[in-house]
Structure formats: C-alpha cells, structure tokens
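There are 2 protein chains.
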Amino acid sequence: MKEFELTILGCSSAKPTRKHHPSSQVLSYRGKLFMIDCGEGTQQQFYRYGLNHNRLGHIFISHLHGDHCFGLIGFISTLELHYRTGEIVIHAPSDLECLLRPQIEYYCGGETLKIRIEPLPPKGGEIYNDGTLKVTSFPLKHRVPTFGFRFEEINKLPHIIKERVERYNIPLRLLPSIKDGADYITPEGEVIPNGELVSPPTPSVSYAYCSDTKYTPSIIPYIKGATLLYHEATYLHELEKTAKKRYHSTALQAAQIAKEAEVGELLIGHFSSRYKEETVLLNEAKQEFVNSRLANEGLKIKF
Amino acid sequence: MKEFELTILGCSSAKPTRKHHPSSQVLSYRGKLFMIDCGEGTQQQFYRYGLNHNRLGHIFISHLHGDHCFGLIGFISTLELHYRTGEIVIHAPSDLECLLRPQIEYYCGGETLKIRIEPLPPKGGEIYNDGTLKVTSFPLKHRVPTFGFRFEEINKLPHIIKERVERYNIPLRLLPSIKDGADYITPEGEVIPNGELVSPPTPSVSYAYCSDTKYTPSIIPYIKGATLLYHEATYLHELEKTAKKRYHSTALQAAQIAKEAEVGELLIGHFSSRYKEETVLLNEAKQEFVNSRLANEGLKIKF
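Residue numbers (our numbering), protein chains in the order written: chain A, 2 to 304; chain B, 2 to 304.
Heads up, none of these hints are tricks.
Lysine-lysine pairs mimicking DSSO-like chemistry, simulated, CA-CA at most 27 Å apart:
{"no.": "1", "chain 1": "A", "residue 1": "LYS115", "chain 2": "A", "residue 2": "LYS33"}
{"no.": "2", "chain 1": "A", "residue 1": "LYS246", "chain 2": "B", "residue 2": "LYS115"}
{"no.": "3", "chain 1": "A", "residue 1": "LYS245", "chain 2": "A", "residue 2": "LYS124"}
{"no.": "4", "chain 1": "B", "residue 1": "LYS277", "chain 2": "B", "residue 2": "LYS301"}
{"no.": "5", "chain 1": "B", "residue 1": "LYS277", "chain 2": "B", "residue 2": "LYS287"}
{"no.": "6", "chain 1": "B", "residue 1": "LYS277", "chain 2": "A", "residue 2": "LYS20"}
{"no.": "7", "chain 1": "B", "residue 1": "LYS260", "chain 2": "B", "residue 2": "LYS303"}
{"no.": "8", "chain 1": "A", "residue 1": "LYS20", "chain 2": "B", "residue 2": "LYS301"}
{"no.": "9", "chain 1": "B", "residue 1": "LYS20", "chain 2": "A", "residue 2": "LYS301"}
{"no.": "10", "chain 1": "B", "residue 1": "LYS20", "chain 2": "A", "residue 2": "LYS277"}
{"no.": "11", "chain 1": "B", "residue 1": "LYS20", "chain 2": "A", "residue 2": "LYS20"}
{"no.": "12", "chain 1": "A", "residue 1": "LYS115", "chain 2": "B", "residue 2": "LYS246"}
No lab work stands behind these hints: they were computed from the structure.
So that you can see chain A by itself, here it is in the shape it has in the complex:
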C-alpha cells in the first residue's frame, strides 16, 4: 500500500513564469498534509489541485528567498477567510518570525487560526514526530541559511500472518499486542514465539527534499536510501560555473547525488526559466541516474 502522495504546486526558480509557479509541494501521509515551501501564488495552486486545508498542520520553509515563502501571507489570509481553525506550525529559518508576524497581525484576524512559527535548528535535527512519521531537517549549501527535509515512516509494525492466527485460533483482541511483539500462549500453555506469528513490516518509505543548494555530498548521509528524492536542478551542466557561483545545482549534479545516496527515484525541479523545454535537463540527469523524472505543476506521485 502506498502511503505517501506528493503533489507539485510549483517548480520554477527565482520567479514565476508563464509555465511554472514558484516552489511549493504538498506531501500527504495517512490523511495528513505537509506543505514544503510556499512561493507566491501557492494558495491558488493548493486549491486548484483539490487539496484540503483542514488536513494541513505543518508547513516547512527551506529558506527565506521570496520564491520559497512569499505565498505564506496570502495562504494564511485565505485560510482565515475559510474559517480554518486550530493551529498551523510553520517550521522555518528563525528570521521568518519578525518578517511574517507583523503581516499576520495586520492583515489577519487571528481569532480562530493560530500560526506558530518554529525556528529550524541551525544545524538541523528532528523537527516533527507523530509516532508514525518523523521529519528531520539538515543543512544545504545556499547563499542564505537553507535546509533540506527528510520525511520518514517510523515504528512500522510487522504484519500478522493470517494463516497462523487461524491455525492457533488466536483471539482478535490479542492481535495488537502480537503486532507489538508479544508471544502467544495457547490455552494449553504452549508458547508460540512472536516470530512465528508475524512477518517483517513493509520497509519504511521516505521522501527527501533538497532545494536550493549547490552540489554538496555533505547531504548524502541525510538523504541516504530515500524512496524519492527531490533535488533542485536549476541548470544544465554546461553552466556548472554559474551554478556554483549562485549556489545552485546542475541536472547532472542532482543525479550524482541521487546515485551516491542510492535513492529509489529522483525528481528534479527548480528549473531556470531559460529552459523552455526541460527534457534537456531530464536527459542530462538520466545519463547519470536513469530513474529520474521532471517535476511539473499538478504532478502527483504515490510511493
């Protein structure tokens, strides 16, 4: 069963174009939505792709460049217009508080919806954990403090082997404890070891997000073995010097990172507007890492 669904709301770099919106994505996991970055116009994209704001509790902002955060105030305002209640936590570099709070106080009523801004730890670390999903941040290398995020299933339970339950006639009420590791003791006192009753859990699925960053193998430990990796690929490798100077990556470099980190699949985005057709970027990435694909507005990936 595929638990994650990623929806791309925007994958342009620097500014919106006729074709692309600035960075924003929504990751869905078991009914909960997690937004990653929130460029200008994100609210329009969010509703365009049928997402439900009542399921959204956390927004993760990678860094404070406008194309990754200018959509926050409009999105929050609109949530209030929709009478969204409760709390939304924005995990962002610490400067966001003094930039966004005065706007929230001026433009939004603040009567029903609480916005909490949680500063990202400067060196990265665990920033969310609900017992089944964990989010960690880690430093990227960009012109301002920038963070990648890894979303990972945790505490996955083993699968009950139905045939054994029937063979030993195990009462249904005991199944949760068996999932948690208990042995089964038959009415006759025989101990059936837990290992006979369950098969290993489905491997944990994970998603890693890396934008914006120059090529840096220092991120590999953080994204190692991710099921899906989003990595920025602003330029073709022929512009490697430009990429380095502006702290961005080329498509080839994104693929090198994917390969070294042994991820399952690579999704590239944050395209420079100079590429009218991004297949050139995809082709470059595929030469290094064949399981690559292009981000695009409205793309949904289940994994």
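Take the given structure of chain A and dock chain B to it, following the hints.
Structure of chain B alone, referenced to chain A:
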C-alpha cells in the same frame, strides 16, 4: 486617437480562484504605465499580458487588504532580478511603509531600484501630475481606509487648423506658440487672432477606479463624467444586506453610481467567487446603465 489603454490583471474579490486573480490593473498613457492595486500573483499576470516594467513608475494601492497588495513584494523582487533601475513610487495608505519596508530590506538587494512609498492624503487630493496627466485620490467607504483614483488628461492643447496655416503661410517654428494661444502676425503686420488658427482640443479622457466600497453617492463629484469607470460589483442586488454589512457594492449599485456620475462606460469587477458565471452581474448592471461591461483577466480597453 485613443491615449489610454487599461489592462485587467485580476478582478476577483477576497482571494484568487481557479478563474480569477486578485485585484490589479495597469493603465497605459502615452508610453507610461500606472499600476492600480497589486494582489498576489500580479507579477505573473503583468508579464503574461506583455507589459514592460521599464515603463512603470507609479503603483497606486487603494487599501491594505491582502487581495489588493500581497503581490507587491514579489513584483518588486522580480523587478530587481530583472535589474530594473531608477525609482518606483507606491502611493498607498500610510501603514504600508512599516509593513512593506522590512520585507524590501530583507528580501531585495535595494542596490539599483529605489522604492518610495508615498502615503495617500487621508482626505484625498492630487497625488500625481506630470503636466499632461493628473491623478487624484478620493475616499471610498470600506472597512479600512480606502481610496479611489481618477486619472485625467490635463492641459490639452488645441488643434492647429492646417488649412489656415497654409492660407497665411505660417512658418512651422511658430506652431508651438500658436498651440499655446499666440496670435499670428503676418509680415505685413496683420494680426490673425489665435481663434482663427486653432480648433478646440479633443476633450480630456479620464479613468476612475472605485474598489472596494459600499454604495456611496459621496464619490460622485470625484468621478463625474469619467470616460470609463471601474466600480466594484461584488454581489447581485439580492445580497444588498450582505454588501452593506461587508462594505461592498452590488452590480445594481455600481450601475446607479455610473448613471448618476454620467460616465461614458462602466466596467464592473471584484466578483464574489460564488458567481460561477458573471453575466448575471452584468445583466443586473445593464438594467440600470446599459453601457456596462465585465472585467476579466487579460481584457484590454482603449479609450
């Protein structure tokens, strides 16, 4: 010759929808562009409709509700990315300075483009005058301080009557002074009165913008006889009470204002998202003022 061209960038109310963008318009006059309101996503719309940011010197913000100003920071950032130089003046309610300035200072380099925020006079008045075009602001009635704007040609010169120039054999170098009102004295000393040499100037063309406001005849002196009037028409008149409570207007009320002010044409906008098809609003307006039309993104009107 039609000197004005109005381009609608957005005409939704409160929030963007799948169909409409938040309020923004650009008025072009003799090569200069004037932006009126700047809702979220305006930058994308501005370039979508082929407008040239080098021609833009002034932005007029009617009031500080997000759907009329959230696009400013993104637009300014992108102007800097495009290396736009010089100065842009934002005419806006005075609170904008302390809301927008910290963002400009944080997100924009500020090295080449200067942003000056000119507070609108609380009671309205002349806010721009370049000798051929004058802009005046006037108070509307909304939940926060809100202003309408009137753009009007001034100091229009009379037309030289070509046949008289030929008859009296007037040297070309004297035509500017004749346009300015001088008589012509022939080499023989005969005085040809100015009135014989020129015909009256083309009547001044003007544009009035009224959004957001509840129905208030107090604005009529300010918009009297405008060639084109944009007036908000958020609701059908069956929601008159809602309109009044929220300080908005109905389509019928917009048309009543147009009729009383004896404008040439009425353009309605700022549509509530409840109307999937705005022709119902247009039909209502036309019952009162036949020369009415609907705003829509990308609409261009020359006048």
